[in-house]
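With the hints as a guide, bring both chains together as one complex.
Quick mapping for you: the protein sequence lines, in order, are chains A and B. Read in order, the letters of the first sequence correspond to residues 3 to 137 in this note's numbering. Read in order, the letters of the second sequence correspond to residues 595 to 941 in this note's numbering.
No lab work stands behind these hints, which were simulated from the structure alone. No false leads were mixed into what you were given.
With beta-carbon atoms standing in for the labels, derived distance ranges:
hint: 1; chain 1: B; residue 1: F895; chain 2: A; residue 2: R117; range: 51 to 61 Å
hint: 2; chain 1: B; residue 1: A888; chain 2: A; residue 2: N18; range: 21 to 31 Å
hint: 3; chain 1: B; residue 1: G664; chain 2: A; residue 2: R34; range: 26 to 36 Å
hint: 4; chain 1: B; residue 1: G664; chain 2: A; residue 2: G7; range: 36 to 46 Å
hint: 5; chain 1: B; residue 1: M797; chain 2: A; residue 2: Y4; range: 20 to 30 Å
hint: 6; chain 1: B; residue 1: D722; chain 2: A; residue 2: N18; range: 41 to 51 Å
hint: 7; chain 1: A; residue 1: D48; chain 2: B; residue 2: Q655; range: 47 to 57 Å
hint: 8; chain 1: A; residue 1: Y4; chain 2: B; residue 2: I933; range: 17 to 27 Å
hint: 9; chain 1: A; residue 1: K6; chain 2: B; residue 2: I880; range: 34 to 44 Å
hint: 10; chain 1: B; residue 1: A625; chain 2: A; residue 2: K6; range: 49 to 59 Å
hint: 11; chain 1: B; residue 1: F938; chain 2: A; residue 2: K6; range: 25 to 35 Å
hint: 12; chain 1: B; residue 1: K691; chain 2: A; residue 2: L90; range: 49 to 59 Å
Where is the CB? At the ideal position from N, CA and C, for every residue including glycine.
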Amino acid sequence: MYGKGLLEGMAVTLKNFFKKNVTEMYPEEKPRLSERFHGSFVLTADKCIACGICSNACPNMVIKIGSERDENKKRFLTSYEMDIQYCLFCGLCVESCPTDAINFNKEFELACYSRQGVVLNMWKRPENINSSNEG
Amino acid sequence: MNNIFLTIADMLRSLFLGFGLSEYVVELVMAAIYASVVFALIGLLVLILVLAERKISGYIQLRPGPNRVGPHGIFQLIADMLKMLGKESITPAAVDKWPFVLAPILMFVPTMLLYAVIPFGEGMVAADLNLGVFYFIAIGSLTTLPLFMAGWSSSNKYSLIGGMRAVAQMVSYELPLIFSILGVIMIAGSMRMNDIVLAQSGMWFVILQPIAFLVFFISALAELNRAPFDLPEGETELTAGVFTEYTPMRFALFQMAEYGNVFIMSGLMVTLFLGGWQAPFGLTFIPSYIWFFAKVFMMIFVIMWVRWTFPRIRVDKLMDFGWKFLLPVSLVNIFVTGIGIYLFQNF
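One chain only, chain B, in its complex shape (with noise of 0.2 Å):
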């Protein structure tokens, strides 16, 4: 049970090379079908999300949230898809044509770039690079610069004030984020995803770094746009912020590189934090990918949870808070484990 994606995989390589293709064109195969079905996982975890975020909201605002459309209302959001498919997709006169249309497709490519490199389970990496988290920080970065190229394109005063304070922001939290990734780098000394996760068999990074998980936790909800970090697309402030002049299809894919990124900023935090795919307590029977998810969806509900708390930050104390509090602590955490890296070495 434990391995069942690893056989399936095992039995189509085999059944393509009794076709009696090489060993090449084999792995290329396999590769294409790893992205198909990486493909296919984003389109249901943005469902799944998507529904989650708008029932989890409702429970924790006293109401049910969507309840009619199917049970529970797991069939709101396809109800949702199919309104937006129906609408009319208004590309205004006075925009900068390539950059408006661009920017959407341009947000969801880093994200189903990282889904390549998170350890889903056991074995089950698409793309095992002896670099992931070098690659992951890399690629992540690359989320700014879609949100500044639909606040400009969109000749719109407010879009473009949404436009520069999400670059702001996200640019001053880059920096915390990497720094809290790099004691636990340190600890387990090396930066392929699968040995951070073995790395960790013994405890779980969380209790040796609680310091640098708040400040991942902190800086990878700013990376993400999410409240209580959300002014880029303010729903209160900047009538819609950086999104004002799209219409609804281009809309959809914003909110499914949203919630893309979302699912696999928090595959990041359980791979380096919380133990991956681990069975904490040697609960080892139950498969290993199903921990992967179960760990991702609690640190998604407090995600979730955190945004339905807090109000919004200002956008100057929110600055300050990154560079004047997050970055300092990062270091003194760095300077920290080195410390104690070097005492429990030699002692």
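This is chain A alone, in the form it adopts within the complex (with noise of 0.2 Å):
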């Protein structure tokens, strides 16, 4: 027939009318985030050594980490502090952790309305050994 493929065309096009949309309606639904996706970053500080290889492996020095000796000779933390401005989200120091202290979460929602003061792209938690994090 002549016309075949312009009906078939049609045809496509009206199930597609019928088809329920495929939308996620932001912000009433919070988007399905993957299992790696980069978000924010959450620290576990009872994990962490003060070694300071994820210093050393962020490409644009975001973190720095204060670390003091104890009466053991052994490295404990005590501040760890992430300049989030800087921050390119590229997960080497989630990569390069040995004790998997630092890891990400699902937070996106990053925007802050001050650069200095309170947190513009400026994540700063001064951590204390016994303490835990919060975000």
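Structural data, given as structure tokens:
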């Protein structure tokens, strides 16, 4: 038949008209993120041995670690700062950590209202060796 | 329920006669009221059609279309109108001033004139001319010229090419349009719109003249400058084609004219081929104007469905198709119809 391709095309579009939409309605629905999504960071301070590998691995020197030795000459963590405005979210710090202390979480809404003072892309979390992280 | 608008018209007429005005003045006043009702109808229809286009195109593309402003996006058009009203109306320095300014207005005038002859329901025609179809074709051809005025006067090479293509396309698809209507007129025996609708009480003309219906549908799409024949306003081809130099308020008039034309061409299609305001299968408890609007909206859905399915046709192939295929087919249709009528009347 002469116009068969045309009618097949119209059948496809009509079927699409009745199918469910694939749009995710943000902000009512949160998007479905994968397991390995590169969001914000979460540090499990108990596992951190203050080796400094993450800080050396970071391409932009985002991570700044402060550490001290205690009486047994064992290093412990005193402060862990990440300046998110320069972070590439490349994941080299997460990959290179030997104790799996720093990890990604699924938080992506990271915009803020000021650069200094209250957090604009400046993620500062002075950690104590006895406290665990919060976001 | 069927005659509610006719009853209102009669009440108004007797009201005015009761004021002691003469017959002649009462008819003038009634004509003015019909005209204002038609304007209001066009405005309302354009609102509905623009939203329908965006929603339908969205659903075909598996996305929801506008759905933030009001439930299902019904107030989106008001937001658009407010935005357009607030924009600056720029007239570039090198344009030819009068055609540039007059083109959107003149584009809108034939559309308004055409609403006068379509029967919206039983006995609801604003002007029941006995040359209804002829009037429609004559005035409908007037939409070519304002597009060309717009293209020529914006001294811009994209607009000029768009305008030339628009004229070529619209003129060359006028002929198949007219010839496909001729078959219907031959069967109905009259050019009055109401007579054609009543002549379909036995069987709709789409069954008697399927080829004419297809030819009419394709030519109507080309006349309306809608996809797949929308090269003149080709959004991705020639910047905005004919409308490049037009700032939003004037562009809004063009869009209103286009959607008004879509509605009225669908109205003509329904009147000539799909039985007008008559109910199929004898379901006459639903009023005639509701049947008319239901059929017209169904045809508009088909027009939009075609738009979002097919890619645009290149201009030389478009002209080929019109002259070398549609015109001979419509002529053959007329011959076959004539032979059929002769055989039907003599046997």
